[in-house]
Structure formats: C-alpha cells, structure tokens
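Student: Residue numbers (the numbering used here), protein chains in the order written: chain A, 1 to 160; chain B, 1 to 160; chain C, 1 to 160; chain D, 1 to 160; chain E, 1 to 160; chain F, 1 to 160.
Keep in mind that the hints were calculated from the coordinates and are not lab data.
Hints are not guaranteed to be accurate.
Treat identical chains as interchangeable: a pair holds within one or across any two.
Below are the DMTMM-like pairs computed for lysine to aspartate or glutamate, each with C-alpha atoms no more than 20 angstroms apart in a straight line [to be verified]:
1. K4 / D97
2. K4 / E96
3. K94 / D71
4. K2 / D102
5. K4 / D119
6. K2 / D71
Number of protein chains: 6
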Amino acid sequence: MKGKTPAESASTVTLVMQLIHANSAGFIHGGEIMKLVDTTAGVASMRHSNGRVVTVEVDSLTFLAPVHIGDLVTLDAVVTQAWRSSMEVEVRVKREDPRTGDQEQTTTAYLTMVAVDEDGRPVRVPEVLAETQDDIRRQREANLRREERIRIRARLESEA
Amino acid sequence: MKGKTPAESASTVTLVMQLIHANSAGFIHGGEIMKLVDTTAGVASMRHSNGRVVTVEVDSLTFLAPVHIGDLVTLDAVVTQAWRSSMEVEVRVKREDPRTGDQEQTTTAYLTMVAVDEDGRPVRVPEVLAETQDDIRRQREANLRREERIRIRARLESEA
Amino acid sequence: MKGKTPAESASTVTLVMQLIHANSAGFIHGGEIMKLVDTTAGVASMRHSNGRVVTVEVDSLTFLAPVHIGDLVTLDAVVTQAWRSSMEVEVRVKREDPRTGDQEQTTTAYLTMVAVDEDGRPVRVPEVLAETQDDIRRQREANLRREERIRIRARLESEA
Amino acid sequence: MKGKTPAESASTVTLVMQLIHANSAGFIHGGEIMKLVDTTAGVASMRHSNGRVVTVEVDSLTFLAPVHIGDLVTLDAVVTQAWRSSMEVEVRVKREDPRTGDQEQTTTAYLTMVAVDEDGRPVRVPEVLAETQDDIRRQREANLRREERIRIRARLESEA
Amino acid sequence: MKGKTPAESASTVTLVMQLIHANSAGFIHGGEIMKLVDTTAGVASMRHSNGRVVTVEVDSLTFLAPVHIGDLVTLDAVVTQAWRSSMEVEVRVKREDPRTGDQEQTTTAYLTMVAVDEDGRPVRVPEVLAETQDDIRRQREANLRREERIRIRARLESEA
Amino acid sequence: MKGKTPAESASTVTLVMQLIHANSAGFIHGGEIMKLVDTTAGVASMRHSNGRVVTVEVDSLTFLAPVHIGDLVTLDAVVTQAWRSSMEVEVRVKREDPRTGDQEQTTTAYLTMVAVDEDGRPVRVPEVLAETQDDIRRQREANLRREERIRIRARLESEA
Numbered sequence: 001m002k003g004k005t006p007a008e009s010a011s012t013v014t015l016v017m018q019l020i021h022a023n024s025a026g027f028i029h030g031g032e033i034m035k036l037v038d039t040t041a042g043v044a045s046m047r048h049s050n051g052r053v054v055t056v057e058v059d060s061l062t063f064l065a066p067v068h069i070g071d072l073v074t075l076d077a078v079v080t081q082a083w084r085s086s087m088e089v090e091v092r093v094k095r096e097d098p099r100t101g102d103q104e105q106t107t108t109a110y111l112t113m114v115a116v117d118e119d120g121r122p123v124r125v126p127e128v129l130a131e132t133q134d135d136i137r138r139q140r141e142a143n144l145r146r147e148e149r150i151r152i153r154a155r156l157e158s159e160a
Numbered sequence: 001m002k003g004k005t006p007a008e009s010a011s012t013v014t015l016v017m018q019l020i021h022a023n024s025a026g027f028i029h030g031g032e033i034m035k036l037v038d039t040t041a042g043v044a045s046m047r048h049s050n051g052r053v054v055t056v057e058v059d060s061l062t063f064l065a066p067v068h069i070g071d072l073v074t075l076d077a078v079v080t081q082a083w084r085s086s087m088e089v090e091v092r093v094k095r096e097d098p099r100t101g102d103q104e105q106t107t108t109a110y111l112t113m114v115a116v117d118e119d120g121r122p123v124r125v126p127e128v129l130a131e132t133q134d135d136i137r138r139q140r141e142a143n144l145r146r147e148e149r150i151r152i153r154a155r156l157e158s159e160a
Numbered sequence: 001m002k003g004k005t006p007a008e009s010a011s012t013v014t015l016v017m018q019l020i021h022a023n024s025a026g027f028i029h030g031g032e033i034m035k036l037v038d039t040t041a042g043v044a045s046m047r048h049s050n051g052r053v054v055t056v057e058v059d060s061l062t063f064l065a066p067v068h069i070g071d072l073v074t075l076d077a078v079v080t081q082a083w084r085s086s087m088e089v090e091v092r093v094k095r096e097d098p099r100t101g102d103q104e105q106t107t108t109a110y111l112t113m114v115a116v117d118e119d120g121r122p123v124r125v126p127e128v129l130a131e132t133q134d135d136i137r138r139q140r141e142a143n144l145r146r147e148e149r150i151r152i153r154a155r156l157e158s159e160a
Numbered sequence: 001m002k003g004k005t006p007a008e009s010a011s012t013v014t015l016v017m018q019l020i021h022a023n024s025a026g027f028i029h030g031g032e033i034m035k036l037v038d039t040t041a042g043v044a045s046m047r048h049s050n051g052r053v054v055t056v057e058v059d060s061l062t063f064l065a066p067v068h069i070g071d072l073v074t075l076d077a078v079v080t081q082a083w084r085s086s087m088e089v090e091v092r093v094k095r096e097d098p099r100t101g102d103q104e105q106t107t108t109a110y111l112t113m114v115a116v117d118e119d120g121r122p123v124r125v126p127e128v129l130a131e132t133q134d135d136i137r138r139q140r141e142a143n144l145r146r147e148e149r150i151r152i153r154a155r156l157e158s159e160a
Numbered sequence: 001m002k003g004k005t006p007a008e009s010a011s012t013v014t015l016v017m018q019l020i021h022a023n024s025a026g027f028i029h030g031g032e033i034m035k036l037v038d039t040t041a042g043v044a045s046m047r048h049s050n051g052r053v054v055t056v057e058v059d060s061l062t063f064l065a066p067v068h069i070g071d072l073v074t075l076d077a078v079v080t081q082a083w084r085s086s087m088e089v090e091v092r093v094k095r096e097d098p099r100t101g102d103q104e105q106t107t108t109a110y111l112t113m114v115a116v117d118e119d120g121r122p123v124r125v126p127e128v129l130a131e132t133q134d135d136i137r138r139q140r141e142a143n144l145r146r147e148e149r150i151r152i153r154a155r156l157e158s159e160a
Numbered sequence: 001m002k003g004k005t006p007a008e009s010a011s012t013v014t015l016v017m018q019l020i021h022a023n024s025a026g027f028i029h030g031g032e033i034m035k036l037v038d039t040t041a042g043v044a045s046m047r048h049s050n051g052r053v054v055t056v057e058v059d060s061l062t063f064l065a066p067v068h069i070g071d072l073v074t075l076d077a078v079v080t081q082a083w084r085s086s087m088e089v090e091v092r093v094k095r096e097d098p099r100t101g102d103q104e105q106t107t108t109a110y111l112t113m114v115a116v117d118e119d120g121r122p123v124r125v126p127e128v129l130a131e132t133q134d135d136i137r138r139q140r141e142a143n144l145r146r147e148e149r150i151r152i153r154a155r156l157e158s159e160a
C-alpha cells in the first residue's frame, strides 16, 4: 500500500455563518463548529484512506475566539499521522471579517478517525509521507498527543 | 451567590436516530452526536448559571461504540465543577436498542462552558455543592482534568 | 406478553429554543412544538412496544402559553393506556425561563400510536400496568377520551 | 372591517416526500406532516387576517393512510369560520402516487389560530363570508367543533 | 403514449419566509429560492412523466425583486414543452406582503428536466398538448430558448 | 478603490454528499447543488467587494453528470469580471469518487451578484485585475455572456 503526503488529502471549506447557526445572542454555536470540524476531517481521512471512516475520538477541541453571524469561517483539515487503521486529523478553524479581510484562528481540533469496510470492521490505511517541515512537526506532535491520551486514561483509572 | 447541587441543573434528552443523522453506511455521524452533546451541556450550564453560556473547550470526546439508524440515544448532562466564571459539564451518551431495551455507553464528553453577559463578557457562576458520592468523585476528577489541560499545553509549547 | 408500567417507558427531552425554531416575531412555531411532541411520543411508545410505531391521531393539542427564543422547553411523554395494537401517549410541554428557573405548562397533547411490523401491519402491544394514583387517573381519562373520539365522529357524520 | 370569502385566503402546497422526512422504515413521520399542516394553516390565516398569527389549538389531526418516500403530498388550507380574534382553519392532506396519478385523502386537521399584534396581543379579524354550499357546511361544522371543545374540557375537569 | 395539457401537471407551493431562509440582513438567500424552484419544477415534471426526473439545466434564473423575512412566496410550475425524454418547466415566483395582499413577480426560471428509469437512463415522456393561448406562447418561447442554448454553447466553444 | 485579482477572492468548499441531500433513488438534488453554488459564489463576491451581496441572476447552470450519495463534491468560485456594482462569479463543481480519487466536472454556473449597503442599495465594487491567461479568458467570456443576456431578452420581448 503506497503512502500519501498530507497535501494529497488536505481539504478546505469556507462558509458564511448565518442566523441558522447562531444562538439568540448572535454567537455561532460551538456545536455547529464541531459538526463542521467532523465533516471536514471526514473528507481528508476519506481521501487518505480511499474509503469509509468513523470518528472515534476528538481531543483538545478549543474555541479561542467567538464566531459571529456574517463571519466567513474557513476549515483546513490535514492528516497528521497514520497508524494501523487509524489516522489523526488536524482541523484549523479561522474566522474572517468580510468587511476588512482580517483573519484570526478560532479553533484547533485533533480527531482520531478509523477506516472501516462495509461491515464496520477496521481496515489498513496508507502511511503518511511527511515531506515539509510542517508535515514533520505535525507528525511528531501527533505521536506526543497519542502518548498523552494513553497516559491520561491510565492515571484517571488508577485514581478513580 | 447561592451554590447549586449537580441534580438541580442536570438535563436529559432522548431521541430516535434517523436517516437525516446518518452517513450512507447507516452509521450516525460523530458530528451529529457532538452537536447534541454541546446542546445538552448548554442546557445544564444555563440552568446552573441562570444565563447565557459559550463553549470554550471540549476535551476527551470519545466514541466507544457506533450508533445506528433506529437506535434511541440518551444524553445525560451534569455540571461537575465550577470555577470563577467557567463550569465543567460531563455528558454521558447511551445508545438503546428499542427491540430489546439493551443499553450501552457510547460516548463520554467533558466540556468547559463560560457564563457570559449580553456583551459576551464572563460573569461569576454559583459554586457546585457536591452532595452524593458521585458528585464528590466527579468534582475531584474535574480538578484533575483541569490540571492535565494546563500541563499538556505547556509541554506541547515547550517541545514545538 | 408481559405488561409494563408507565414509568418503564417514560421519556424526557429538554432543549433550548433557537432562532431556527422561531417566526420573525420571535415566537416559536406551533409546528416545531408539534414535531417535538411527535418525536417524544414516538420514543415512549417504542419503549413500551419494543418496536416500530406510527402516529394515527393527535387530539386536543393545546398551546396555553407562547414559547420564546432562548426558553428551555421540556417534553415529558408517558404511555397512558394500551389497547390491542394501539397506545395513547400523553406529552406535557413546559417552558422554563433560564434566568429565573420559573416553569409554566404550555402544551398538553394526546397521541394515538400504533405498533407495526416491518410491513406496516399492526402488532399486539403489552398492557399498561397502572401503579401510582397518577397512572390510574391517566388510564381512566384515556378511556374517556377514546369514547369521545368515537362519539364525535358519529355525530359529525350524522349532521354532515 | 370587510369580510372575506374562504376562497380569498385559501392556500396550497405540493411537495415530494424525501429521505429527510422519513423514519428508517420509509414512512414519513407524523411530526413532519404536522409541521407542514401548521405552516399551511399559517399562510391561510395570515391572508385572512392580514397580519401575524399564533396557533392555539389543533384538534382531531387524524392520519388515515401512511405516506411514503417518493409520494407527492398536497395540503389545502381554508379558513372555515372566524370569531372575535380567532379563526378555525381546515387543512386537508392528500398523497399522490406519481407513477399512476392516484390520490387518496390521508389527513384532515382543524387548527385554531389567533391574530396578534407586534406585542402578541389578540386583534380583531374579518368575518368569513360563506358563499358556496361547501363554505356554509364548513362554517356549521366549525361551530359544532367549537361547542364540543368547550363541552369536553368541562366534562374532563368535573370527572378528574 | 397519451399527451398531457400543462394544466394537468401544474403545481403550486405557498410558504412563509422565515429566519431560517435569510441572511443576517433579513434578505432571503437566492439559493433558498433556487432550491424551492427546483423542488416545484420536480413536482410538475414528475406529474407530466409519471416517474423519476433529474435536473440537467437551469437557464435564465433572474431575481427581479428581493424577498424579505415574513413575506409569502408562491411558486407556480408549468411544463412548457417536451422533447424525446426532456421537458422544459417554467417556474414563476411571486412575493406577497401579508399585511396588504400586494403581490409582485420576483423570479422566473426555466429548467430542463429529464425523465429517467430506476437505473438513471432516459425514458420517453408524453408530448405537451397546448390548449390555451398561454400554452401556445410558452411552447413557442421554449423552442426559441432551446435554439439559443445550442447556439450560445457553439459560439463560446469557437471563441474560447 | 483598489482592484483585486481573482485569486484574492477565490473560494473553495469540499463536502461529502449524504442521505439528507438525496432523493429516494440516491441522486443528489439539483436544488442542493444550486444552493451550494449560491453559497460559494456568495463567499467569493463578499471577499471581492468587502461587504454584503445579493444574487440577481444565474445563467447557464448545467449538470453534466449526476452526483451520488457518498461522493465528495468540490465547488471552486472565482470572480470573473466586475462592472459598476455587479460581479460575475464562475462556480465549477467537481464530483470525486473517494474509493479511486477520480474526479469529473459536473456543473458550471455563472452568477451575477450585486454588492449592496445595509439598506439594500447597490454600491461600487473594485475592478477585477486579470493577471493569468485564465483570468483574461474568463473576463472576455464574461463580457460575451453579458452581451448575450441583453440580446436574448430583447429578442424574446420582440417575438412575444
């Protein structure tokens, strides 16, 4: 199975935030952003694995700045690392004020997606061929986050 | 400001999963569950703080078992701990097969919500009055997770 | 077939009413509440009958108080009585002002649901085991409402 | 205030029922039909009263035949009678098989709508000028249904 | 295969435009109107061809006047002409101010729909039996528009 | 007012097509694609004009190949030409089979958008600075399409 670079599966979505995505105070729901994050991560991981995927974990989904009605929101998804049948996808969310063109980072999320066959059983995925400096940094951090996930669960279980 | 017990703000939602929530393989989207998790956490934290809230972080949202079309899904949200203007909410998601009544845990999520005024500025929230053994355990684990969040960010920044 | 108590199949949903559910004057559409009522009655009757259900009649769906954007709405569904293959479900709808915690009853609906097999043919349902005073009162009123439904149709047909 | 005939405010909607409106067995949800019924009754009563309306009661909403994915559904709404600030609207729902053009009546609903001003207070509505034999029959039956509604509530309250 | 008059397949939809259809300035999205235009054209062409249809071209979809939240929108679809397996459908969109009953034309669209079998292959459709003066004018203009479509593509290709 | 290149305002969206976008035969609705086309054209024209826009015409929206559930759909919007207060936007729609990565062009649409102020009145927009060979070709074709639009309306009016 031939590996793929992160650039080959990277995915982008830009949308205008509307009344339908907002609460009564004009702020876009965190839940709406989460759904878009999951959708965009799904596209990148389907492109990397050439098949079906399911989301198994979302860790460290932070909202650094609120998003408002009328903002443009851009989601950029990139596969950071692949293991046997799982992939980590980083999704960066920017808001952009259309009147000025100013952009700011609002959310960064890391999702673990698993490639599955028609019956939902895990299948092998291609390895990630890190080419650029950014690719290599993302791959290293993905490995660190994975270690942390394993360590935290162990600690919580021992202290519970 | 008078404290509140977790029971006073606890919230529940049970829904049937439909075609509209599923991908073409009949699995319910992770993103749909995330949106329901955010909505239910919103209700519990609005009840605890008597006002508006925004989601600032979701950490450790895991999907232990896939959800299918026709399943009943129940979300139970409870405020675990409150700090100055922020609250941690635990949302447990169960799936239930309506033909047998069998239930299994599918997702557990921890969200940090901040209470805000009309202009989006943080406001004080009541403390959490832990009464039962479960209340006390949840409060202790909430404090541990908060420490971890702070520690992980520091480590990633130093190694980046 | 073993009977079930109303408590075994009772279902609850709490949601925040959003812009998406409202007309341009900020009132929540009656039709949105109706859809939630049907959904919640569906969950309770699926739990009672362990299978598929279809709605065959909604009678006396009243809206006692308007619901606004930002309100919390709680729907409580309980199976009141079962006949051969049909069940009556009562759905009570409360609105709650999150700033004060005050609640008021806004809607009460009675739905007749029929349990069906894969081909849509009616199937037998368990009887309702009324345990509490409330269970017994609801069962008696369900029988009265059923008599009224039969009587009204007869009168309208004779006078038409 | 000049009266209006039922024909002046009558409203029609024809739609194709899609996956989005159906449960996992391919039946269209009762709740979807209810929402369309409320929407169509809203259009007819807005045309009769030249303003805003709220739904205050739906009585006798029956589903005579199931609706399937791919069916055409036509809703015809007509104002049957008007009192001080309230109107009764009849909504007839037909399903149509597009392959044969065959139609059958599936639902008939009677809704009480109240005309309101910007602050939600009831306002006077024009009287209904019954012209045709059908107009006169509908007006007579609307009066009977109103008497029944008042009588049923009294009986249930005395027996409760 | 027996022909059909335009009146036999004509379709109508009237809806109230809501917050959910609008941008943050209160204008209804062009895209929402387009979706309704496609839906209503679909009903008329399904009735003409007694089967499945797919949209293959929309030409000259103009928005003559903006639509606002609270407006009533009426779409009238009529099949203008049929060729081997394709049909042209005209959809006229009116907005209506419910406070005054005033109506104005806001959009006129011409769609080419093709009748298909279960596998998506084109099938023959009945001819259009033009009866009224309007039917005959629409049929003549449909033929002109079809010639233009063919001519424009040729010119753009030669100049590209 | 400084001009902008097409690259500065170009916008992209990639989505997975789901059950919610499809008819009962598994084909994605033309109307869903139209709505996405309008949304993506809206983002590009908001970026070009730094403000609000309304859609005034869609001409030549063709569907060259059907889109199915499970396909990835990518929309690329680019501003081709600007006049006083109006812009033409080209939106190219590709479908991609995630199992093979194969792509094919399915739709090309040309939309005329007008920049408006808060009261809906047209405002001036920056000129389009065509840089690449593609930019220049698109600008020339935009001018041709505009002439055609004017000429066709004149001919239809004289022959009507």
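Student: Would you mind marking each hint as holding or not holding in the structure?
Tutor: Checked hints:
1. Only between protomers do K4 and D97 lie at most 20 angstroms apart by alpha-carbon distance; the minimum there is 17 angstroms, versus 34 angstroms within a single protomer.
2. Only between protomers do K4 and E96 lie at most 20 angstroms apart by alpha-carbon distance; the minimum there is 17 angstroms, versus 31 angstroms within a single protomer.
3. Proximity of K94 to D71 under the C-alpha cut-off of 20 angstroms is restricted to the intra-copy arrangement: shortest distance 10 angstroms within a copy versus 26 angstroms between copies.
4. With identical chains, the CA atoms of K2 and D102 are at most 20 angstroms apart between copies only, with a shortest distance of 17 angstroms across copies and 40 angstroms within one.
5. In this assembly of identical chains, the alpha carbons of K4 and D119 never lie at most 20 angstroms apart, being 25 angstroms within a copy and 35 angstroms across copies at closest.
6. For the identical chains of this complex, K2 and D71 are neighbours neither inside a copy (40 angstroms) nor across copies (23 angstroms), given an alpha-carbon limit of 20 angstroms.
Consistency with the previously given hints fails for numbers 5, 6, ordered from lowest to highest.
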